[in-house]
Structures are given as C-alpha cells and as structure tokens.
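Engineer: Here is how the chains run, residue by residue.
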Amino acid sequence: MSTALGVLARFGAMIGLLLVNGVVLIYMLRKVLGRLHLRIGPNRVGPWGILQTINDVIKLLTKEDLRPDSADAWLFNIAPFLIFVPSFMAYIPLVFGPTLAVTSLDTGLLLAFALTSLVPLGVLMAGWSSNSKWSLLGGMRAAGLQIAYEVPLLLSALGPVMMAGSLDPVKIVAAQSGVWLGFIPRWFVLPQLIAFVVYAISSQAETQQTPFDMSEAESELITGFANEYGGMRFSFMYLAEFSNMFVVSAIGTMLFFGGWQLPWLATPAWLAPLVFMAKTYTGIFVMMWARGSLPRFRVDQMLSFCWKVLIPVSLAWVVLWACIQRLWPVIAVAVSR
Amino acid sequence: MWGSGILNGMRITMRNMLRGPITVMYPEQKLVIPERARWAVAQLYDADGNPKCTACRICENECPDHVLSVVVSPIEGGGKHIDDYVYEVGACMMCGLCVEACPYDAIEMSHEYELATRDPHDLVRVLLHDVDAASPRRVKGGDDA
Amino acid sequence: MTDEEHMGWQITSEGTQRPGPLPRGLRRIPRGVDELATEHLVLNMGPQHPSTHGVLHVLVELDGEEVIAAEASLGYLHRGIEKLAESRRYHQVPTLLDRADYLSGLHTETAWALTVEKLAGIEVPRKASWLRSLLMELNRYASHLVWIGTFGLDAGAMAPFLYIMRDREMILDVLEAITGSRMMFNYVRPGGVVADIPAGIDAKIREWLSHASGWLDENDALLGGNEIFRLRMNGTGVIDRTTALAFGMTGGCLRASGVDYDLRRDVPYCAYPELEFEVPTGQRGDNWDRYVVRVGEMRQCLRLIRQLLDGMPEGEFSSKRSRALKVPAGESYAAVESPRGELGIHLVSDGGLTPYRMRLRSPAYFNLAVVDEALAGGLIADAIVTLGSLDIVLGEIDR
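Residue numbers (my numbering), protein chains in the order written: chain A, 594 to 930; chain B, 63 to 207; chain C, 2 to 400.
Next comes chain A alone, as it looks inside the complex:
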C-alpha cells in the first residue's frame, strides 16, 4: 500500500476507534454508575438506551459556543485541543493484535507516556484562561496532581519493561506469551503485583477519577477547570477524558495482562483485537467501579500520598526488581544445586 494511503487509513482507523470509544464509554459510565447506585441509567433513547450518547453529541453540537468576555481568548480556544490531541495521539503505540498496530516504534511506551503528560498542561491552560476563580482552582489542582502522579505511573511501568527488555509494546506483549510451571500464564502482573497496584492507583489519578478527581471535584468546583466551557469545546475535553481512560487501561493491559493474548490458548489473529478490547474494558470497568464507590481525597492528602508513598514504593520496587533480574541466573543456579 502506498505510504500516503496507508497513513490516511491508519489515521482514519484511529479517529474511528476514538469516536466509537467515546460513545461506548460515556454510555458505559452512565450505565455502570446507575447500576452501582441501584438505578437503571439511560434506557429511553434506543434499545437499552444505547443511542443516548448520539443524542448528547447532537445536543452539544447545537449549543452556543460561549466564551467569557474577560477570558484570555487565544488560550481559551486552544486549551481543549491541547487536552484532546495528545490523548488522541496516544493511540499510536497501542498494539491490538500480532500484526495490528498503527505503527511499530522502538520507544512506543515512552511516546504514550510523553503524550499523556501533555494533558495537564491543557487542563492548566483551560483553568487559567477561563478567568474564573472556580476554574482557576481546578486548573491549579490539576497542575499539581496530574503532573505529580505521572512519576509513579512511569516508574511502575519500568518493571515490565525490565522483564521484557524493551520499550516496544509489541515486544512487551510477545514476552508475555507462554506459561510458567506449566499452568500459570506468563503475564507480568503476577511477579509485578506491587508495580501493578501502583500503576492502577496512578492511572486512576491520571485520568482524574474519584478518589483522585480534585480538578473537577463535582461537589466543590462543579466542573472544575471546564466550568466556562460549553458545547463542542466542552465535548472535546469530555471525549479526551474518556480517551485517556482507554489509553491508560490499554497500556496497563499491554504491560501487565498480556495484551491481545488469551491465557492458555494460541490466539488467532482475528480474535486478538477482541481480546484486547475486552481486557481493556474490564480495566475501565474497575476504574468506574472505584469511581462510583469511593469518596475523594483532599488535595494535600493526594499529594502526600503520591510523594510519600507511591514514589518511594515504586522506586524501591524498580531497584529491587533490577537486582533480582540481574542476579536471577546466579540464584537459579544456586537453588538448583
């Protein structure tokens, strides 16, 4: 296939996946939260309410594009894009199947994390440029929190990277094929349980879900940094939030749960994307489950939890695992003797 057409096709596939994800995830959130709270969630628009998000998209498209008079116009206009575009680009390194990926990069994981770390900049920009004290609080909190929680996110990903020996997601997933001891799937979550727990908590914080949703604490700041946004601009940021959830969950699947592979059986190429999506959506379900059940931390408690608990734990784990991995041949030989 010629390069230009290939690029366009991949681009189109990414956009398609993003939009489908957005629609499905927003519906899934509302249904999951509803069921957790003993109610039904949307069920009027379409069978079981599946067309509800289409309704919402149409509504948001037809809303007036407001901008407060005293808001900083240029920053106000580009902030949603700075939140949306990195989340969209983070789809690039994801691996959906043995040969199904947008592109194969040697440093794919690094690219994904680098792109998601641009999002807090957009949040801060949105909060600042709205020229409203409530939005400002939300933006400032994001600047403190989302940036802080990227450190344990990255550090906890180092464990699987060390086990696989590469930053390329294709190789990381390939390193998780097969079994140990004949029956345990070689998924990295088992030896890297501590890293997985740190990753799970940090990803919950990165995507601003309760218990870490300070920058859009609904009962305090209404919509936090996005207070002054309406219509399509707001929906960009909203879509980016769900897209972010998908990306973080997908990376977690690739790092810890074997990506597109089934546990003991060989995965045919047509089944691989479905398995990948199923695992990712299970991860997202757990994030939504925590969101609907838990109260939120206070800002300084979140920060001290990150700096005083998560970062030391993840650092210690990285050092420990590096030692174990380096010394494993020696230990194995000593044990077998």
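What the hints contain is simulated information worked out from the structure, not anything from laboratory work.
These figures come from a predicted structure and were not determined experimentally.
Check before you lean on any hint, since a few could be wrong.
If you only want the chain C side, here are some residues facing chain A, beta carbon under 10 Å, derived [said to hold, decoys possible]:
| id | residue |
| --- | --- |
| 1 | Leu63 |
| 2 | Gly65 |
| 3 | Glu66 |
| 4 | Ala70 |
| 5 | Phe162 |
| 6 | Leu224 |
Ranges between beta-carbon positions, derived for each pair [claimed, not checked]:
| id | chain 1 | residue 1 | chain 2 | residue 2 | range |
| --- | --- | --- | --- | --- | --- |
| 7 | B | Ile84 | A | Val638 | 19 to 25 Å |
| 8 | B | Met63 | C | His212 | 50 to 56 Å |
| 9 | C | Asp261 | B | Ile95 | 40 to 46 Å |
| 10 | A | Lys901 | B | Ile84 | 38 to 44 Å |
| 11 | C | Ser211 | A | Phe878 | 31 to 37 Å |
| 12 | A | Val638 | B | Pro136 | 58 to 64 Å |
| 13 | A | Lys901 | C | His212 | 41 to 47 Å |
| 14 | C | Thr244 | A | Lys901 | 31 to 37 Å |
| 15 | B | Glu176 | C | Arg266 | 41 to 47 Å |
| 16 | A | Leu783 | C | Glu170 | 42 to 48 Å |
| 17 | A | Arg632 | B | Leu69 | 47 to 53 Å |
| 18 | A | Asp665 | C | Thr244 | 41 to 47 Å |
| 19 | A | Asp699 | C | Val43 | 29 to 35 Å |
25 Å max Cα-Cα, derived DSS-like pairs, lysine-lysine [to be verified]:
| id | chain 1 | residue 1 | chain 2 | residue 2 |
| --- | --- | --- | --- | --- |
| 20 | B | Lys92 | C | Lys205 |
| 21 | A | Lys624 | B | Lys92 |
| 22 | C | Lys84 | C | Lys119 |
| 23 | C | Lys84 | C | Lys327 |
| 24 | A | Lys764 | A | Lys726 |
| 25 | B | Lys142 | B | Lys114 |
Where is the CB? At the ideal position from N, CA and C, for every residue including glycine.
Keeping the supplied structure of chain A fixed, place chains B and C upon it in accordance with the hints.
Structural biologist: Chains B and C only, in chain A's frame:
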C-alpha cells in the same frame, strides 16, 4: 490493613449492582398511593348525580391561601344557586384544611397528582358551574365549626 | 540610566512620563512588580452551588487553597413565615411551619402544638403523645438519612446518596399513609393529631425496620469504614466545647463537641419520659465526631421506633379541637429536639384568633453561625465538608 475499608465499600456497591435496581419506570409503572394522600380537591356527588355542596363557604374561609372562591346567588323562594365554584389548583398547597372543615362531606382530596400542564389556564379550575346548591339538612359529625 | 528609563518609560518635556518604545519581543510589565505579588482570593460559594445544601451564600477568603476567613450571607430563602403566621389561625399555622424545616416538618409542628397547649392549657391524650413521638422519630431518621447522603456527596462518594433513597421511600410511604403527604404533613395540631394510624401501617413500619439496620450498616461501611473518608474527617472542622456553647449550638453538633445535652432526655416532652434510649456524644468536635454522633443517633432512632410501636397505647388521638381556638393572652415557649438541635417556638398571644407573634428558634441558624471559626485555617475542601457536617436546612435558617 490500610485499604480494607475501601475494598469492603467496593464489595458493597458490587453486591448492590448485582441485586438490581429499585426504581420504578414511571409512567409505564405507577405506584399505588395511599388512601389518605392529599392531592387536588374534587367535588363529591350524591347518588342522583347532584353535587353535595351546600355553598356554605366554610371551605373558602378555612383555606389559608384563599384558593377557593364560591360565587353564589340566591334562588327565588329560598335556597342557593352556585354560579361558580372556582378552585386555583396552581396555588393550592394541598393542606386538606378545606376538606377537614366541610360539614357536609362535599369535597375530597382526590388522588390526582399529574397536574403539570403547559397551559396556564389549566391552573384555575371551575369545579361547579351554574348548579343549585344542595340543601343543608344533612349534618356531618366531627369537628366543631 | 534611571529606573524609569530602564523599564522603558520616557520623561517628556512637561515632566510627565509616557511609555517609550520597547525592545522587540518584550511585553510591557507594570511598574514596581519586582517581587511576586500575591493577594487573597475572595470566592463566592453559592448561593448556587451543588454543596451548600440550599441557597446558602458563604464568602470565603482564600490564600491559595487555605481558608483565611469565611462569612455566611443569609436571606435567600426568606419567605416571611413568622409574619404570615400572624394572620393564620392556630390550626392553620402548621401549614406554614412544615415549610420552615422541610426535612423535619413534624418536629416544627410538634413544637408549635406544645407551645400552644402550654399557653392555652389544653390536655393531650396519651395516645396522641405517643403518635407524635413515633412520627417524630421516623422523621428524624429520614432527615438523618438525607444528611448522610449529602455528606457523602460532599466528600465525593456518590453511592450513599442513592442508597438512602431505599429507606427514605419506605419511610415516606408510611408517613404518607398516616398523614396524607410525604413532606408537608399538616398532621400535628394543638390538642393532638389529625387522625389515628390506619390499619396495616404497623406491619409496614416493622417491615422497614427489618431492613433498616442492615441498610444503615451498608451506608456506614461505605463512609465511616472507608479510610479515605476518615482521613478527610479526622481533625478537620474542629469546634471546641467553649465555642459551641458560646454560639448557642445545639443538637448533634453540640454533642459532638463534648456537651451531653439532649432535650428528649433533659427537658422531656411527649412520650420520651417513658422511653429508653442513649445519647451518643463525642469529644473533639471535628467532622468525624459529628458523623459518629449522628450515626449513633440513627441507631437509637431505630431502637426508639421499636419501643414506640410495641408500647403504643389505645385511646383518643386528639382532645376536642376547635377551629376558632382562642388562646388566652400571654407568652410561652416550648422546644423539641429536632434532627438539627433545639427547635423552639416562642408564642405571644393577645387573646385573639391568630397569634400576635410567633418566633421560631431555628437550631441550624445557630449551628451555622460558627462557620467563621470552623472554616478558618482549613482548606476549601474541608470547608465544604464542614458545612455538610453541620446539617443545615436553609428553610429554617431563613424562614
């Protein structure tokens, strides 16, 4: 262990998720409201279809918000004629004092609660129009007037 | 070069200053900003806000996230209830009082009935007192349920807010079956109550009771058992004993600050002299203590409701009431323990058909007055949670 409370909370919400919703799909399903529930005021009629109202206007005096007004004119040869029994359902707070006070059991708090309307003229109802009032010979027991 | 020239200002021939040409790429900076100037942020919380529990307006002065000072600005829900009462007859006033503290209407109605009966010397049959107590305890439980749900929502937990609706629907159905309405009861009048409990309601209340304790344990586990919740509540919003007494706080807030005072036990009324219950108290007066005290009160409510159902006497539900009640001239005051504290009504009568003056002593008003002391020094997240823990209802604060 720190975190056991969090996990217990998540277990509780999952258990409730599996139990199913407790909501009712209104308007396809409607709950039965109790006998004493107070909603819009309605007139009562006797076996022949005549209103029991004697136009004594005690309900009009009892209403704290002056929501009822009975327009009465005398009939030649004795008796009263009700020109209009006007009830501002949009202003009524459904306290039931009018029904409590009526000595002739002529009005009741009905169970009609679907009162929302798009037309402001529906907020004022004329419950009786151009009828003869019943004669006040029957007296209901109960509170003093 | 002088400071002015360095910053790009030029001195004109008249001696005034005007901005000079700037080097390319530099934005103009105001004069005199060499070090970073900071100022406190004054924020309007409310009157439209998801967390101020009604139309409450609190002005907070923030230094970053820390609250320096706070001031409550009231009156957004003022409807003139006390003035309207001057033109209502004594049996019509409960229709107004239901709307004051709309979450515990029966308590306000009972306070009115008690004060009128005190002044007019009306005897109330024993059954009426027991009916009043039963409905007041049901109302107290329903009000505390709303508090626990909204408190969880302030802290970020969405689940308890919907779980309380299970209990509340059953309680409100029972109240509707007895009184005729889910919220504006109009049931307690001077002399007694309007009607007896209809048949079958006793069984319905017992059915609810069989679930209530388990559901309360669920809500308590979701909130009180949650480490995140405890982290937020421990040590925040501290109101010490002296401050609480100085501001005239009553109810759960006062008991959490260490003062053991409950009107049901210390100045008993209705059926409470014959009932057994405990009064939970706290020591530190922080948000956690207020939470624990109120959950303890809820459990005592269940105990009281069971006693009231088991011991409900036979008899008349009201003494003879007149629609043209004339209360002799004079003053009286009677108070009940509402879910928020001491709810009292001071009645001044001039011997006519309508009261001369009715004053409602609203417990939430005094509980809210402490907001400056309680919020200062904490973060704004604590401010939200502290306001929630005070359990205020704007209807009775503003009347």
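Engineer: Each hint: holds or not?
Structural biologist: Structure-based check of all given hints:
Below 10 Å, beta-carbon pairs count as interface contacts, and Leu63 (chain C) has one with chain A at about 8 Å; its hint therefore holds. At about 8 Å, the closest approach between the beta carbon of Gly65 (chain C) and any beta carbon in chain A falls short of 10 Å, and the interface hint on this residue holds. Below 10 Å, beta-carbon pairs count as interface contacts, and Glu66 (chain C) has one with chain A at about 6 Å; its hint therefore holds. Among the interface hints, the one on Ala70 (chain C) is violated; its C-beta lies about 16 Å from the nearest C-beta in chain A, farther than the 10 Å criterion.
The beta carbon of Phe162 (chain C) comes within 8 Å of a beta carbon in chain A, closer than 10 Å, and the hint placing it at the interface holds. Taking 10 Å as the C-beta contact cut-off toward chain A, the hint placing Leu224 (chain C) at the interface holds, the least distance being around 7 Å. About 22 Å separates the C-beta atoms of Ile84 (chain B) and Val638 (chain A), a value consistent with the hinted range of 19 to 25 Å. For Met63 (chain B) paired with His212 (chain C), a C-beta distance near 30 Å fails the hint of 50 to 56 Å.
Remark: the range hint 40 to 46 Å for Asp261 (chain C) to Ile95 (chain B) is upheld by a beta-carbon distance near 42 Å. A hinted range of 38 to 44 Å holds for the C-beta pair Lys901 (chain A) and Ile84 (chain B), which are about 42 Å apart. Checked against the hint of 31 to 37 Å, the C-beta distance between Ser211 (chain C) and Phe878 (chain A) comes to roughly 33 Å, which is consistent with it. For the pair Val638 (chain A) and Pro136 (chain B), the supplied restraint of 58 to 64 Å holds, since their beta-carbon distance comes to about 60 Å.
At about 42 Å, the CB distance of Lys901 (chain A) to His212 (chain C) agrees with the hint of 41 to 47 Å. For Thr244 (chain C) paired with Lys901 (chain A), a C-beta distance near 33 Å keeps the hint of 31 to 37 Å intact. The hinted window of 41 to 47 Å between Glu176 (chain B) and Arg266 (chain C) holds, with their beta carbons roughly 45 Å apart. Range check, Leu783 (chain A) to Glu170 (chain C): about 46 Å between beta-carbon atoms, so the 42 to 48 Å window is met.
One distance hint, 47 to 53 Å for the beta-carbon pair Arg632 (chain A) and Leu69 (chain B), is violated here, with the actual separation near 24 Å. Against the hinted window of 41 to 47 Å, the Cβ-Cβ separation of Asp665 (chain A) and Thr244 (chain C) comes to about 43 Å, which satisfies the hint. A hinted range of 29 to 35 Å is violated for the C-beta pair Asp699 (chain A) and Val43 (chain C), which are about 53 Å apart. Note on Lys92 (chain B) and Lys205 (chain C): the hinted pairing holds, with a Cα-Cα distance of about 19 Å set against a maximum of 25 Å.
Simply put, Lys624 (chain A) and Lys92 (chain B) have alpha-carbon atoms about 23 Å apart, close enough for the 25 Å limit, and the pair holds. Distance restraint check for Lys84 (chain C) and Lys119 (chain C): the Cα-Cα separation of roughly 22 Å lies within the 25 Å cut-off, and the hinted pair is therefore satisfied. Of the pairs offered as hints, the one joining Lys84 (chain C) and Lys327 (chain C) holds, with about 19 Å between alpha carbons and a cut-off of 25 Å not exceeded. The suggested pairing of Lys764 (chain A) with Lys726 (chain A) is violated, with an alpha-carbon distance near 47 Å, which exceeds 25 Å.
A hinted pair counts as satisfied when its Cα atoms are at most 25 Å apart, and Lys142 (chain B) with Lys114 (chain B) qualifies at roughly 13 Å.
Going through the hint list in order, the structure does not satisfy hints 4, 8, 17, 19, 24.
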